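Fit chain B to the known structure of chain A by using the hints.
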Amino acid sequence: MSLTMPEPDARTLARRGEIIAAMRAIVSGEGVIDDVDGLRPYETDALTAYHQLPMVVVLPETTAEVAAVLAWCHANKVKVVPRGAGTSLSGGALPLADGVLLGMARFNRILAIDYADRIAVVQPGVTNLAITRAVEDEGFYYAPDPSSQIACTIGGNVAENSGGVHCLKYGLTTNNVLGVELVTIEGEVIRLGGRGLEPAGLDLLGVVVGSEGLLGVVTEVTVRLLPRPETARALLIGFSSVEGAGQCVADVIAAGIIPAGMEMMDRPAVHAAEAFVQVGYPLDVEALLIVELDGPAAECSHLLGEVEGIARANGAVSVRSSTDDAERAAFWAGRKAAFPAAGRVAPDYLCMDGTIPRRRLPDVLARMRELSDHHGLGVINVFHAGDGNLHPLILYDANQPGQLDAAEAFGADILRLCVEVGGVLTGEHGVGVEKRDLMPVMFSKADLAQQQRVKCAFDPELLLNPGKMFPELHRCAELGRMHVHKGQLPFPDLPRF
Amino acid sequence: MLRPATTDELCEAIAAGGPLMLRGGGSKDAIGAPAPGAAILDMRGFAGVVDYDPPELVLTVRAGTPLAEVQALVAREDQMLAFDPFDHAALLGGPAGQATIGGVIAAGVSGPARLSRGAARDHLLGFEGVSGRGEHFVAGAKVVKNVTGYDLSKLLTGSWGRLAAITELTLKVLPAPREQRTLLLRGLSAEDAVAAMARALGSAAEVSAAAHLPAWRGDAITALRLDGFPSSIDARTETLARLLADLETLDAPAGDELWTAVRHAAPLPADKPLWRAIVPAAEAPAFVAATGGERLFDWAGGLVWLASDADPQAIRRAASELGGHATLIRADAAMRAAVPTLHPQPAPLAALEARVRRAFDPNGVFETGRF
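Listed in order, the protein sequences are those of chains A and B. The first sequence finishes on residue 497 if you use this note's numbering, and the numbering steps up by one all the way, no holes. The second sequence finishes on residue 1371 if you use this note's numbering, and the numbering steps up by one all the way, no holes.
In isolation and in its complexed conformation, chain A is listed as follows (with noise of 0.2 Å):
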């Protein structure tokens, strides 16, 4: 793999039974595992390009115990690597040889729901997909929903701020956490927001939600519940040019009409998707667009109606609005069959995640597809339309020597260019380590130095998920003695890990 790790730290493996022992002595039986066929499961995460052992991984059950290991390993400098569900498609929970990896599974209940103030207080191992069930027969529901949320958990979503195909309508997870309990890495347990619509003093909440595990470790998350609107309809549009669906996008938009979802798929990924799922998309598309409309019943079929006017305005050769909830979610089969499509296309795939401001992106594709011969390998685009998502799914085999690199040169060069059409690295699958390197492309050193001042407040040890993020670790006293001049830093040659 061409990802380098920070360098593990001989002392600390070389303590490995007496960090084991500690661990015991703070969480009993099955909540510490040391044995290799134990460790294999937790040696990585979505991103399975990477894989690491680590130390020990460590499953508390209560605020108590996960304050005390953090303060244990605070004491004795042991680096800590938080995990929900495992699910991060960046290498976010990535382990670490020479770190304690906390798995937050057991922290699986729902403490409290609040229907009158709309808010659900839950433990942060519960699946984003579980607080709806619970709530849902009342009628509400949690809005964010990254396609993982059967098995994603709300800590993890906490720590990635994940999105999902409704975000640009309701916001991602940041839009709807009101509070969190968080332990420091010192092992102190604060509470951050709460009930209320505002906090207190800074808005520290603001900073921990997609902060990846690097700030503190969540044990209880508050998030606010929405009624489920009383109806949603969809629109499935194909059209004959990939202009013709992007000038469809932005002129929704300009009409004032923000749907709850609005999807695009290219050719091949439309191709992919319907060999997959067998749901009738038309094939003869360079773009099919799924708009999704919620609310009222009056106000969806008036939307359906101006959508539609729009649709044809710019050119749809086909157009089919959805009748029933059956055929609603026949539409969106494909969309959300599109991962294990690509895997039916090629053994692997690497899925990128840049977001390009949508007026960009005939030009975005049309130099994807040169890069695509420029590295020999296949790409499907699946995009968050709305809110300019974009996520390429790279094709290539690793079993073939020299593909994954390939795939990863492939996959930065396409990041690269959503920085320079004025996009970001990152929409939702956050940075971890698969666009640690990259930060850079979009951020000066100065930009990246104040990111890790603030790291510094919060982890000034460097303890927390070391290695995620940040292209480079200065040790904290370092930053704070250093001035940036017109974005350089005064030591340009210092070592990456």
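Each pair of labels, with its calculated beta carbon distance range:
1) THR48/A - GLU1191/B: 52 to 60 Å
2) ARG11/A - ALA1016/B: 43 to 51 Å
3) ILE258/A - ASN1363/B: 43 to 51 Å
4) LEU3/A - GLY1364/B: 39 to 47 Å
For the record, the hints were derived by calculation from the structure and aren't laboratory data. Since the model is a prediction, treat every value here as computed from it, not as a measurement. Think of the CB as a built atom: it goes at the ideal place given N, C-alpha and C, for glycine as much as any other residue.
Quick look at chain B alone, frame taken from chain A:
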């Protein structure tokens, strides 16, 4: 008074040391303890629109641009700043139209629609600024969906100029609703009003704002606002009518007048200290029962505007005990000098906050004593 016009000048001014009080149009000068020792750093040299492409839902503007200009700009494209920001001149006195977009973000100003559409922090996508170290840096981005790096935009929003001087910011904008309708219930007690607002918000009626005013032109009123396409508003009005008896529809000008009054806490007396308390909505009646004083509820009860002479510590204790907190918004200078403006935090959290502030401003250039 310093008034830099370029980022280099701003870096120099900050690097020269403080204490420096960041200021836009001065609409919020009367918030916080008087800080006579601080030099004013006027940010209005950074003004103007950088980029606005309505279908991208993204607006990049320099921080010293007047809020009124920004709102007029997006209104021309039938868009809005969805967090419903407002000019504090109406609340604190002083000339209208001076508030800047940078000041709105630095103070985290969100109006009644925050209940449904998110706060200022939810609509700041990225910014450029200069830290207390005198260093220029960029955070976030200029697209609506981004999780690259720490979300420093959230941290800067509502930080009251204590972390960095924002020079340019990128906001998410949204289509303005085609129509708005205000529905009224009359004569409800605080408890019944909060319960009615909770029922409305728990329904599929998509209520965008909800407020309760115990004395609006002699009447206790509870107001619900619906935004959207006309056919949708009709359908949602029917949904609410099935849920709540005796709903009255206000005509559009009266509705606008009412929400403007709620936004500015206008019905409350100007001669008493004014508090802005954030509590869980269901606890709003208990909070006002504990504190007394004139009040109105916005955000379905989640925001209580309270005009009260009661002991500040008692007000804060009541808020804390109910899981909330209270900010002192309007008071005479002597009271502002004696009573912390922001609700004091528990010690471990206060220590962490102080470390985060030092991460941006190690020498306390922006620590003026105002907060």
